[in-house]
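4 protein chains.
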Amino acid sequence: MSNSNFDGKLPPEFWDLASVKDVTIPKELSKPVVGYDFAKCDGAVDYDSLLTEYASSTGLQATFFGKAIEEVNKMINWKLDGELTEDDLKLQSEITIENWKPTPCTIFLSYTSNIVTAGTREIIRYLVQHKMVDCLVSTGGGIEEDFMKCMAPLVVGEFTLKGSELFDQAVFRNGNVLLSDGAYGRFENWFIPILDKMLEEEKEQGTLWTPSKLIHRMGKEINDPKSIYYWAYKNNIPVFSPGITDGAIGDHLFLHSFKHDGRTITLDVASDVRKITMLAIRSSNTAALCLGAGVSKHHVLNANAWRLGLDLCVLINTAQEFDGCDSGARPDEGVSWGKIKAGVHAVKLFSDVSLVLPLLVSQTFFKRQEEFSNKLCAE
Amino acid sequence: MSNSNFDGKLPPEFWDLASVKDVTIPKELSKPVVGYDFAKCDGAVDYDSLLTEYASSTGLQATFFGKAIEEVNKMINWKLDGELTEDDLKLQSEITIENWKPTPCTIFLSYTSNIVTAGTREIIRYLVQHKMVDCLVSTGGGIEEDFMKCMAPLVVGEFTLKGSELFDQAVFRNGNVLLSDGAYGRFENWFIPILDKMLEEEKEQGTLWTPSKLIHRMGKEINDPKSIYYWAYKNNIPVFSPGITDGAIGDHLFLHSFKHDGRTITLDVASDVRKITMLAIRSSNTAALCLGAGVSKHHVLNANAWRLGLDLCVLINTAQEFDGCDSGARPDEGVSWGKIKAGVHAVKLFSDVSLVLPLLVSQTFFKRQEEFSNKLCAE
Amino acid sequence: MSNSNFDGKLPPEFWDLASVKDVTIPKELSKPVVGYDFAKCDGAVDYDSLLTEYASSTGLQATFFGKAIEEVNKMINWKLDGELTEDDLKLQSEITIENWKPTPCTIFLSYTSNIVTAGTREIIRYLVQHKMVDCLVSTGGGIEEDFMKCMAPLVVGEFTLKGSELFDQAVFRNGNVLLSDGAYGRFENWFIPILDKMLEEEKEQGTLWTPSKLIHRMGKEINDPKSIYYWAYKNNIPVFSPGITDGAIGDHLFLHSFKHDGRTITLDVASDVRKITMLAIRSSNTAALCLGAGVSKHHVLNANAWRLGLDLCVLINTAQEFDGCDSGARPDEGVSWGKIKAGVHAVKLFSDVSLVLPLLVSQTFFKRQEEFSNKLCAE
Amino acid sequence: MSNSNFDGKLPPEFWDLASVKDVTIPKELSKPVVGYDFAKCDGAVDYDSLLTEYASSTGLQATFFGKAIEEVNKMINWKLDGELTEDDLKLQSEITIENWKPTPCTIFLSYTSNIVTAGTREIIRYLVQHKMVDCLVSTGGGIEEDFMKCMAPLVVGEFTLKGSELFDQAVFRNGNVLLSDGAYGRFENWFIPILDKMLEEEKEQGTLWTPSKLIHRMGKEINDPKSIYYWAYKNNIPVFSPGITDGAIGDHLFLHSFKHDGRTITLDVASDVRKITMLAIRSSNTAALCLGAGVSKHHVLNANAWRLGLDLCVLINTAQEFDGCDSGARPDEGVSWGKIKAGVHAVKLFSDVSLVLPLLVSQTFFKRQEEFSNKLCAE
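Chains as they are written, first to last, in the working numbering: chain X, 1 to 379; chain D, 1 to 379; chain F, 1 to 379; chain V, 1 to 379.
Hints are computed from structural coordinates only; laboratory data are not their basis.
Don't be surprised by glycine CBs; every beta carbon is placed ideally from N, CA and C.
Possibly wrong hints are sitting among the right ones.
Claimed, not checked - Taking CB as the label site, the calculated pair distances span:
1) D:T207 <-> V:S164: 52 to 62 Å
2) F:R186 <-> D:A39: 16 to 26 Å
3) F:S93 <-> D:K162: 43 to 53 Å
4) D:R186 <-> V:S49: 11 to 21 Å
5) D:A39 <-> X:P32: 47 to 57 Å
6) V:Q205 <-> F:E370: 37 to 47 Å
7) F:E370 <-> V:T96: 51 to 61 Å
8) X:N236 <-> V:K226: 50 to 60 Å
Next comes chain X alone, as it looks inside the complex (with noise of 0.2 Å):
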């Protein structure tokens, strides 16, 4: 019987075998499930088919882990390949983001508090060390352990050790990852100074702080390569936290108010959801890498509303639908508030960011990494 819907893509034999109707199926079903044959290797594994070619015949999550390496690709085509008209650049320039420099696809990079406690964060500080993504989003712990990694090292421990015993020895634990309480007095020792210093300027000079502008002056100060906002300052990528006083930093700023009779800085964060939005709604195309989820994907999403969708998106997380958290919920979700465009591929990859965030970056951001610095950093 004819199956017109499938391009002969399809495998007819598939199809001799089912009295297939009228339904239209997408067309992305053509792949016949196929996995990597290893008794054909001649002694090397071809990692690159392995991870692209076979991950998106393979079905189950590993569909979704070739689908993220697909889209990702599209996002790095259309900043490096693409072409910004002069009616782009107009509405680029009302982007209040300093030194500010428009491409044609402005990519969201949104991050949760652990993948900066974890080896992740190298891979964060990568990309953003080669101005492949524009702007970054995250929440206080994944602000502060930046910097703590530049004064102290940070252990992989257990997630079974015991929470009274490691008290006892001042080692604080996230996860399978272990921070000394050394490592908060060592910020304490550098971030006070840093705050002195931020509160004279405000009240000599009426700056008005935001999170954005603070991580930009803790990038700055910190001045060390080995940090993810060390980069971000030096290259003009901004970063949103609006909820970063929940941590450390939040922690400091309450201390730092009993150096100066109840009043520390004045952090607004009212000037930076206008500057994520600006950003969002005045570029031509915009896409958004989303690791983890809660406050920093959804900030993400929210802003992308105001131009009626995300051009390109790809969220990874464990977080499930059923509760009805916004972490959970499946791209699809998203499209209904404009979050994400109609007709979108969307992919949401279910899994540990630590297991896939490496093999993905090796795939795409890594492959053009000549490109993105004779484009983007040369100047």
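Use these hints to put chains D, F and V onto chain X, whose structure you have.
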């Protein structure tokens, strides 16, 4: 053989069977597993015993539901039956919350946005109306949807409704709950004039707005006893929301800025973190009931680290620990940070909140409603 | 604007707000979200309305709990209030289950091993004792632990007890429930002589044992009204367990073979699959209540594929669909296979069974107990 | 301060910060958290170090992926490099598996049905073809779909395809993989004649069929090197499937019974449980790699309880422990039962198998392929 660790409470026939050696097993183990016996009901179900006695003896998550009831009842006992000393009162005078009325146990209630989207909002409002809790923490959506619900109903839908079709109808999906875009329209008509007034007050009276002040102002303006935040305002219960700009409130701050040459109100998060931390460290005892996870849960725990830990703690969420996110952390991770005191029987119940919250309240706060009214709401 | 799809049931003020177009939204959407209002209770909670009316209007998983109650009540209505025709009876005579008494709706109840380990076992027993269900399916542990519980108590423990310490004490952990090795000892003393007799019957009378025959025999021998399978035997309710050898029963078949020159009884699974499939295809209507997932759930659905689908279906488990396992499949996956009829409002409730089963039974089967007794247990 | 527990391996600057007391922390903690540094790559990614060294130092689930590689390599080392003593061989002669060839480490591989549905089937086949594993355990779907795949392709689809539309087309959905009903038709045409012959052999030669015998027979008949079970048959690797009738094989036993007056073959599960248990208890060392959970995982662990535990163990699945199901149990629950030896570094990796299995094999079995071929496949 003898089994002195169990105080004779453990069924001796259990231990007769095993050659138990000298390992210390907690006394809680002494409950035989037994379910509710409907066959013994005489026509009617005794929900009180089903929900307490049998729950805790059933094993699996029912055990934790039973423990959550016990722990919340402990919070209430401490609060209603405890006494404050003069020293307590001296310390508590430092809590700079207007009209703060200390009790021997400060109860923090946190909840994610979806809890307010769903009908669980009525349960939260009930607790706030009767002064059963002392401090609220939520994210942006958990604030704004309470107000929208005063303006337009939400309806129960399906998780599977197609995003593009809903978008075409201007209907937004939150899990299986639907909001109309019109609710946003009404919210805008109501909120923008309030922001106008607030901006005027900022300019003329030098008011420094914070999320907690903004929320109380909104609660005052809505003037509707269906609202959680109307009651929070009325009852002087502070509401913290460090990431408040992540949602419709942020959107309207953005919109409002266009009415006023690019500047809306200043919204300072630094003052608020001082406020919640002081509340935690100056309370004689603290307890937390965290519904859902993310920033709202973490913010409560983080504030309590500064007093070396919560005295009582119940977490209800569906998040898992394996990805190292704070959302899914077991309470024992909080112990390592000093967010929860060592030795506290902190309960983590794995459940969608909508399934258990009404039942939990029916077996705890509701049973003491009259006392709450007499003791705390009378003045 | 007009909204003819909703029959006037949807609150008009919801739709006034949105510019609704011509998309068809199911009528179920017409419920406004509303939670239980404790403030309106006069001293006592009305659990009936809390668990039905409000549950279904709350959104999130509470909606599905409300739907599960509706669906199970439909099963009961069909069963108790329906009529069998002569044609039905003719077909049902092919069901070769001893003393089979057909009703207009055959209810399959499946459950995983942990449901029997926990106190939910008493709920299962209640349903079987009162002939409220027609066919049971479980895995090996779901069979054997019912018998062990007649011999020795299990106790509530902790998920975090150390395995090596428990092993040294000969205490086994099943989640947060503890079994003593002694229970296994008693089981052995009881079971091996039964196997001796069964082997003799096989040799002398040519009995071909199957899991369902073995379980009924065990139910007869235990002769204890606390046992699920005692009642299954008494009430001629078949129990299927294709993977029955995976657990203590398998272990004892292994042990028994050493008593008899390497051969224990023959345990044929082929006859049982014929039996359950005939039961499904010759019933007038079929319904399934599947507690937990895995083989026990799949076996019920698979059998019903041969009648082109269940007429009513409620699944309660915590499994997710993303890894493609049948356990986490949404009911709609079953529709593609013809395991569930298209158009059936199959409910998937995401919850630990221990939290919701007693409440579900209290609002469904329990309310009709007298009718079940009169109509089905009388003879 | 001194930190003698760490053998100088822990970065001293970590501990200088904390006032570490005398708590014993495992030596594994000595790895500083560090991610892969793409900035240091010279044009090419070194996947070997990314997947081993960096994985284990990244924290979160990446750590467990790194540990899984280590643990599987230990299985291989024991198997290929160990030596059997005469005593070993004497004991192993009791393992009544035809042509059984013992090695110093017996590796059990279990997998759920979806692993065979997906392209991961090719990875399993590779392991079996090269005699890299010694015993397979799966459920019914994990057996039959391997054969169907020899007859008709499966294709990658979408989780969201509508069940009723697929049903109308006679296309079945397994997660995001589609099967045609025609595949079942072809399977029927092939399988029923085999059952005819088997029934004849049962009647004439008194063969007592078991799942393991049936699967080998099917593997022989399919005679196709694409099949897992063709190689299992060829290489004398036993395949156990206690719940084998739960799926298409069960369906066809049902159908077959109508061809033969209501009786198909007898399929005895009691003999198989003796076989797998003897295999476990008479092996010098045992190791398990369990992909997915449910009956297939439990059956491997249960069999090994009779030797007081596995010596090496890797579990990869997405199940959680909170509902008390064996599927989500941490390995330490198995230790309490003696299913895993105390002190074994059993690894539980939380991941969809399709994302990690090919990478795991590329870093373990694949690297020793030649040795496997020379040592075990040569004869």
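Hint says 51 to 61 Å; check whether the CB-CB distance for F:E370 and V:T96 agrees. holds (56 Å)
16 to 26 Å as the expected CB spacing between D:A39 and F:R186, which holds or is violated: The hint (16 to 26 Å, Cβ to Cβ) holds, given that F:R186 and D:A39 are roughly 25 Å apart.
Could one say that the CB atoms of V:Q205 and F:E370 fall in the range 37 to 47 Å? violated (57 Å)
Holds or violated: 47 to 57 Å for the Cβ distance of D:A39 and X:P32? holds (55 Å)
C-beta pair D:R186, V:S49: status relative to the range 11 to 21 Å that was hinted: violated (58 Å)
Do D:T207 and V:S164 keep their Cβ atoms within the hinted range of 52 to 62 Å? Cβ of D:T207 to Cβ of V:S164: about 59 Å, so the range 52 to 62 Å holds.
So the hint says 43 to 53 Å: do the beta-carbon atoms of F:S93 and D:K162 match that? About 47 Å separates the Cβ atoms of F:S93 and D:K162, which means 43 to 53 Å holds.
Range first: 50 to 60 Å. Now tell me if the beta carbons of X:N236 and V:K226 are that far apart. Holds, at about 55 Å.
Going down the numbered hints, you'll see the structure goes against 4 and 6, while the others check out.
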